[in-house]
Amino acid sequence: MCQNSAEIQNLLAKACIGCPSSLESLFGHYRERLHRMLRLRMDRRISARFDEEDVLQEIFIQLSQSLWGNFPVTSDLFYVWLRGIAMNVLLEHHRRHLGTHKRDARLEISLQRQSALEASSHVLANYLAASGTSPSDAAMADELRSRLESLIDSMDPIDKEVLALRHFEQLSPHETAEVLQIQEKAAGMRYIRALKRLKHLMADTFGESTPWSV
Amino acid sequence: MFTDHSNEDALNGLANEFVERMRRGENLTLEQLVQEYPDFESGIRELLPTLQWIERLDPAASPCERETPLAGQKLGEYTILRQIGHGGMGTVYEAVHQRLGRHVALKVLTQRQTKNGTLLERFQREAKAAATLHHTNVVPIFEVGEAEGYVYYAMQLVYGHALDQVFLTPAMDSHVELMKAWGYDKDHYSFIAKIGVQVADALAHAHAAGVLHRDIKPANILIEAMGNVWIADFGLAQIDGMCDLTSAGEVIGTLRYIPPENFSGRADARGDIYSLGLTLYELLARKPLFAGSSRAEVIHQILNAPPCSLRSIDRHLPKDLETIIATAIARDPNCRYPSASALMEDLRRFCAKEPIHASRLSTPERIMRWCRQHRALTAAAVLTLTMLLLLITIVTFAYYRENRLRNDLQVTLEMAVTADVQGRQNLFDSYVASARTAQLTHRPGQRFDSLSALHKAVQLLPDLDTLTEVREERKENLRDLAIAATTLPDIVYTKRANGEAIDLYHLDRSARRDESGNLIVRQWPSKEVIACLSNVNEHTYFEFTPNRDELLLLDQSTHTLHRWKIDQAAASLVTELHPEWGKLVHCSFSHDGRRVLLADRTDDRAWNEVLDWPQGKSNLQVSITYDGENTPAVKLSPDGKLIATIEGNYRTEGSRCVRIISVDTRREVALLLHDESVESTAWYPDSQTLAVGLTDSNDVVLWNVPMQRRIGLFIDQRGGGPKLCSNRGELLSSSSTWGSSIEVWHASTKKSVLHFSTYAVLGWTSNDGRLVGDYRLDAGEWQMVIVEPSSVMRKLARNPLHGSVEAWRDLSLHKDGRILAVGSDSGISLFDLRTGQDIGYVPVGYALHPWFVPDTGDLLTYSEQGLSRWPVTIGNSADAEISIQARIGPPEKLVCPSAFGTQISSDDSGQLIAAAAGAKAYILHRRDGRLLTLGPLLDCRQVAVSHDGKLVVTSSRQEGSLVVWDADTGEEIRRVQSQAPADALDFSRDGRYLSFITKSPQVLDLKTWQISEWDNPLNARNTNLSDGRRLVVHLQPGSAMVREVPSGRKLAMLATPDETRFNFAAITEDNLHVILNSNDTHATYIWDLRKLGQELEKIDLGFENPPWSSEAALETLEEQSISLDVDR
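Line by line, the protein sequences are chains R and W. Start counting the first sequence at 1; every next residue gets the next number (the working numbering). Start counting the second sequence at 1; every next residue gets the next number (the working numbering).
Some hints here could point you the wrong way.
The calculated lysine to any residue pairs, modelled on SDA-like cross-linking and capped at a C-alpha distance of 20 Å, are [as the list claims (entries may be wrong)]:
1) K196/R / F18/W
2) K456/W / G423/W
3) K920/W / S5/R
4) K920/W / L77/R
5) K196/R / D156/R
Just so you have them, the derived chain W footprint on chain R, three or more residues with Cβ under 8 Å [what the hints assert, rightly or not]:
6) 19-25
7) 181-195
So these bits of chain W aren't anywhere near chain R, every CB distance computed over 10 Å [unchecked claim]:
8) A379
9) H455
10) D555
11) K750
FYI, nobody ran anything at the bench for these hints, they're computed from the structure. Since we're looking at a predicted model, the values are computed, not measured. Cβ coordinates follow ideal geometry from the N, Cα and C atoms, glycine included.
Could you put the whole structure together from the sequences, leaning on the hints where they help?
In structure tokens form, the structure reads like this:
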């Protein structure tokens, strides 16, 4: 990402003054990151019905319909803003297809917390278990899966979120802070504490000689 | 030892670094890192394994195989441009046909599907069947093909929205705009029924051709802004459906449109009727009929659940419409409409408020319906009946009850008056509605009928029983509508006598030979005699030349050419024509009248000759192969220097090319080759652009002749070759091959603006840009058809040779008010404001805001190539044909550290230049070369310099604040919050006030730092913004508001009937022209406010006290051309 930051800045400058093709290439740059975010956060009941590509397409349409003047011109702020659009699209899908209504109390509370779609422990666990690709890993996967799920579920939501943002969405510390709407320093501390807690949880659950220790 | 906090902080930094390194592929070991950072040993030992674990488990690379091609890739003859959509069956791309340059929608099957042999075979068979369908509501399939391992088909690209996007999204009001565009402001039901009519019509056509659609649903029906409805995926959807039904991730949304009988394996035309009925049901109900959450549940509902009555969802829904839809979606196919045409007929009847066939109506309902249709008659009848009854009552009881009688009479009179007022109100409303509708038709009457309906409404206005304010408001609305109407071209019909020649260049004279051999010239159409020439024999052909005072006479008996200046008593001989002269079939002059093309035919030979006029010197003779049947087309260019010829018969080799021959050198200078036979050609007024119509595809290709390059394409669905381009380059007409209809296009935006049926072929253009044609009527008269372009608004678009435009941006006017610069993503275009011609192009790359220095007229550009000053010199030209010679450049490069500024501005002298560049802004003092940096700012996009160069103001888009800077020192003087980001910053001449636009026009007083609304007359008076009255433009969605300052009075709301969105605006110093740029159409719109005032005057809606003198004579459109050189 770093080596083409000048290029992105260039595209951003063009896009913010109304050039549709640069908006498209810009979206192309962030597409993989958004896709990653979708895979992490899309409810599996929805992902059975919708292709993630369709949702990405919808996000792009939303992006191109937003007024050219409205988005930030620096690249890290831009991604956070774009991710916000994507979250809205996703939220809309959840709302439409899972019968969550606008007045749903749960949704409102989570909206206020700015973590409308928390990375669900199920999805996280799914990720963790599925990503081991060797046969032996695969054999372990089922066993690990349920235990990981309960392990991650027991974590504080904010810990879960900060780990998901940093590692699965691969946001930079600055972007993570922007998404969580807290100071970067505070975000960093939360992250370190979450890492520590995860380490302890793992140690508690699986003992010090965890099968995945490197 | 660290405190806990600073330790965590440091660990966070380390964790970031480690993660970065791991993601770069570095293999980190605990020992190595502990050595690197010994101070943090415990932290690293604690966290590194967790970090590695979580990173290793990250599912970064998803195992998604690339099944679809990429943008830029070539598939067969197509180059893929971008992805439009993606569905179960494959991906839809916008692609361009390499040779034809035609943009298509390309549906590409996924490779998974391609591997399925039976599926593939069936797909190809169905696609071929569907490709045979030709109907205005069926998206045509051009081609089915296979390349690079992909199977694809190419369809016409439709710029519209699927109905599910329009009606069934949570943003439920998106269809409201469409309804407006169609003129169904309130009647939601007819609007949907009209959609149904078009779909049913297309289905009827397809069924007759033996093709079933099999998957009608809102997502497969596209609607364009101008109202046409398209059905996509004809006959193909079922295959799609088949994979869907068998694949695991099937879409329940598709399932619910499947007719019940399909589940038992039967499918016929009535299934499509069912699906259409269901589609209409959902559009009306705004929710699915079968809303099960699982596949099984939906199927169960389709087969068993009783449909929910529409009227229970929407009790205002007309009964007939409910009946139609209930019939269409009957579960038993035998109870449905027998054919799509029967459904269409009932929907059409519903729209026309006629009784439908589907069910009989009760008598009271019939009476109610009749009454609704004939409101005025009903009202009159009711009134008459009431009065009669009352009169009987009066007579009967007169004797007894005088008092009572008086009261009754009073009541009757009051009722009569009320009915009368209501009637006038209804009449007023109907005039307004018909004016609005006419504007959207693209049919004759779109301007004149609309204006005359508005005129009638204006005349009715004083009789309406309303408050004065309401009346004024209505008048404003009428004016807004009238302004939109004046932007449209329209047709005038008139007649001429047999044998009467009309001065087609000015359309105000006619010539006719009487029985005694006198050639009489009259005013036309007033018939007042102007001149007469005696002894003209009956074999003489006569024609006006572009010079309004002379005629060309061709005596076909002696083969001699004469010239008659009408102030002289006799004609003079010009030349003798060649001896084998046959019959004259064509005579046309160059625009300046100095060359004439004469074409004659004998039985087996076609001869064309270009002569100098009036010297008679023959320059060029061309003989063309001729089969004695089709007339070969030869066209003289408007400058008289080139001719374009088409030879050979349809589908022969020769008929595929257009030969361009220079009149001066007699050599062939260009050969324009096509894939199919050429139908006709038309020159643009620049004599460089030639429109060529192709016979089979009906496409019209635009060529740049000197470079022999294709520069554009019109896709004509109705069929026809280009016949004529107006002399102002605005309108291009094409006629269908068999001569029954004419399409008029806007020549630069390639949009169709008028379509009408006629036997005429438009063959001439008048000097003021009208297109003229005629045809013979039975009664020895000729019907003349004249297309009048809008006199009020002109659309300018960039010459395609100067590169294509993606972003069409801000504009600036040169001090002489004649040259207009428009910024874009590929350089700056220069237009002549008077003639509307694209006169030049400054190739500086991405340059969005050109700036002409007010005093010197230099052009400043701030683009990706940096900041430059381009001197502009304008002088009289030595060349007699060109009146003004302008020169731009060579550029002087100015120092500026940041590329990509968003805006530049300067003081009047151009010595002080300010530039906005996002995070910073710059002030450049040209006198001493000082460069001051302002900022850091948050997204600074706008900048303005006071006229005297003392102050600079910047506006930040993110913050919504204005910052005023000292131009000399670069120090911040004041920061003022505006409610929203400010645009169009403008200092008053004395530097006391700054005007700008947020959501409304505002004024900042630079002494008191107070912001006030501009359209409040009180504030405006206090601010005394300018010495005299001045106009300002304020952009709104779909229109531009012209206001007068200081009063704040609204002068006009400029809008087109299709509500083009304007993005940038300027107004000339003399308050006469408003220039608007639209990024949507990539065109520049020039409005002539004075002509607009005159047009409005004709229908009693003229401007009161406009800010220009009414005495000033209207400038005539002089053919005073400007020539411009750009020195790079």
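Here is what the structure says about each hint:
1. Between K196/R and F18/W the alpha-carbon distance is near 16 Å, which keeps this suggested pair within the 20 Å criterion.
2. A distance of roughly 14 Å separates the Cα atoms of K456/W and G423/W; the hinted pair therefore holds under the 20 Å criterion.
3. With a C-alpha separation of about 19 Å, the suggested pairing of K920/W with S5/R holds against the 20 Å cut-off.
4. Using a Cα cut-off of 20 Å, the hinted pair K920/W and L77/R holds, with the two alpha carbons roughly 17 Å apart.
5. For the suggested pair K196/R and D156/R, the alpha carbons sit about 13 Å apart, so the restraint of at most 20 Å is met.
6. Coverage of the region 19-25 of chain R by chain W holds in this model, with 4 residues showing a Cβ closer than 8 Å to a Cβ of that chain against a need of three.
7. Three residues within the 8 Å Cβ limit are the bar, and the region 181-195 of chain R against chain W gives 7, so the coverage statement holds.
8. Residue-level check passed: A379/W sits 46 Å from the nearest beta carbon of chain R, beyond 10 Å.
9. Annotated as non-interface, H455/W keeps its C-beta farther than 10 Å from every C-beta of chain R; the closest such distance is 39 Å.
10. Against the 10 Å criterion, D555/W stays outside the reach of chain R, whose nearest CB is about 62 Å from its own CB.
11. No Cβ of chain R comes within 10 Å of the Cβ of K750/W; the nearest lies about 19 Å off, and the non-interface call holds.
In terms of the numbered hints stated before, the structure departs from none.
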